[in-house]
Amino acid sequence: MIDIAILLVNAGDGLSPHTSKLWKLLRESSIPTLIFVNKMDMPGIDRQALFNELKDKLTDRLIDFSNKEKLPENLAMADDGIMKAYLDKGLVSDKDIKLAFMAANIYPLLFGSALKDRGLDELLSILGNYADT
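Take the sequence shown: its letter number 129 is residue 129 in the numbering used here, and every next letter is one higher.
No wet-lab data here; the hints were simulated from the structure.
Remember, predicted model here, so these are calculated numbers, not experimental data.
A portion of the hints provided could be inaccurate.
[Stated by the list, open to error] Pairs of lysine-lysine residues, derived as PhoX-like cross-links and limited to a Cα-Cα distance of at most 25 Å, are as follows:
#1 K70 <-> K84
#2 K70 <-> K21
#3 K55 <-> K24
#4 K39 <-> K116
#5 K57 <-> K21
#6 K24 <-> K39
#7 K89 <-> K57
#8 K116 <-> K95
#9 K55 <-> K98
#10 K70 <-> K55
#11 K39 <-> K84
#12 K116 <-> K89
#13 K21 <-> K68
#14 K98 <-> K24
#15 K84 <-> K55
#16 K98 <-> K116
#17 K68 <-> K57
#18 K84 <-> K116
#19 K84 <-> K68
#20 K95 <-> K57
[What the hints assert, rightly or not] Label-pair ranges, simulated between beta-carbon atoms:
#21 D60 <-> K21: 29 to 37 Å
#22 D13 <-> G90: 21 to 29 Å
#23 G44 <-> D94: 30 to 38 Å
#24 R61 <-> S93: 29 to 37 Å
#25 I6 <-> I45: 27 to 35 Å
#26 R61 <-> L87: 15 to 23 Å
#27 P43 <-> M83: 19 to 27 Å
Ideal Cβ positions, reconstructed from N, Cα and C, are used throughout, including at glycine.
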């Protein structure tokens, strides 16, 4: 049994057919999934265009966790439980995020470069804070 998954996307390739197939299988099984877009250090990568493509083709509950300023609002727009907490308390707790992530109601997204050690600390932090291990 799979508890959680990390779906790697090559920034240079965008959303490949193989990645789409894996995504479909993960969604069918309601497996909490974190998406890591790797190779963001390659020249000519348009981060916003890549985010838009992934959000359009995968799910509108894809949340860019590297955008800290808009994170609470984006989380609230993707999950009703988080929306209620955000409206009631004006903040989103780690517990709220963890519940939504483990229920496969939100899908954290990070951009980085494994080769240059960018985004890996954030990835490990999300797993440590929000995954049931």
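Checked hints:
1. K70 <-> K84: At roughly 17 Å apart (the allowed maximum being 25 Å), K84 and K70 satisfy the hint.
2. K70 <-> K21: The hint is violated at about 30 Å.
3. K55 <-> K24: holds (14 Å)
4. K39 <-> K116: Between K39 and K116 the Cα gap is close to 9 Å, so the pair holds against 25 Å.
5. K57 <-> K21: At roughly 12 Å apart (the allowed maximum being 25 Å), K21 and K57 satisfy the hint.
6. K24 <-> K39: holds (23 Å)
7. K89 <-> K57: violated (33 Å)
8. K116 <-> K95: Not OK: K116 and K95 at ~31 Å, beyond 25 Å, violated.
9. K55 <-> K98: holds (21 Å)
10. K70 <-> K55: Holds: K70 and K55 sit about 16 Å apart, inside 25 Å.
11. K39 <-> K84: Between K39 and K84 the Cα gap is close to 36 Å, so the pair fails against 25 Å, i.e. violated.
12. K116 <-> K89: Outside the cut-off at roughly 38 Å; violated.
13. K21 <-> K68: violated (30 Å)
14. K98 <-> K24: holds (22 Å)
15. K84 <-> K55: With a Cα-Cα distance of about 23 Å, the restraint between K84 and K55 holds, given a limit of 25 Å.
16. K98 <-> K116: violated (28 Å)
17. K68 <-> K57: Since the Cα atoms of K68 and K57 sit roughly 23 Å apart, the hinted pair holds (cutoff 25 Å).
18. K84 <-> K116: Measuring from Cα to Cα gives roughly 39 Å; hence the hint is violated.
19. K84 <-> K68: Holds, at roughly 20 Å.
20. K95 <-> K57: Violated, because 28 Å separates the two Cα atoms, which is more than 25 Å.
21. D60 <-> K21: 29 to 37 Å: violated (20 Å)
22. D13 <-> G90: 21 to 29 Å: violated (40 Å)
23. G44 <-> D94: 30 to 38 Å: At roughly 36 Å between Cβ atoms, D94 and G44 fall inside 30 to 38 Å, so the hint holds.
24. R61 <-> S93: 29 to 37 Å: violated (18 Å)
25. I6 <-> I45: 27 to 35 Å: For I6 and I45 the Cβ distance comes to about 20 Å; the hint is violated.
26. R61 <-> L87: 15 to 23 Å: Distance hint for R61, L87 holds at roughly 18 Å.
27. P43 <-> M83: 19 to 27 Å: At roughly 39 Å between Cβ atoms, M83 and P43 fall outside 19 to 27 Å, so the hint is violated.
Going through the hint list in order, the structure does not satisfy hints 2, 7, 8, 11, 12, 13, 16, 18, 20, 21, 22, 24, 25, 27.
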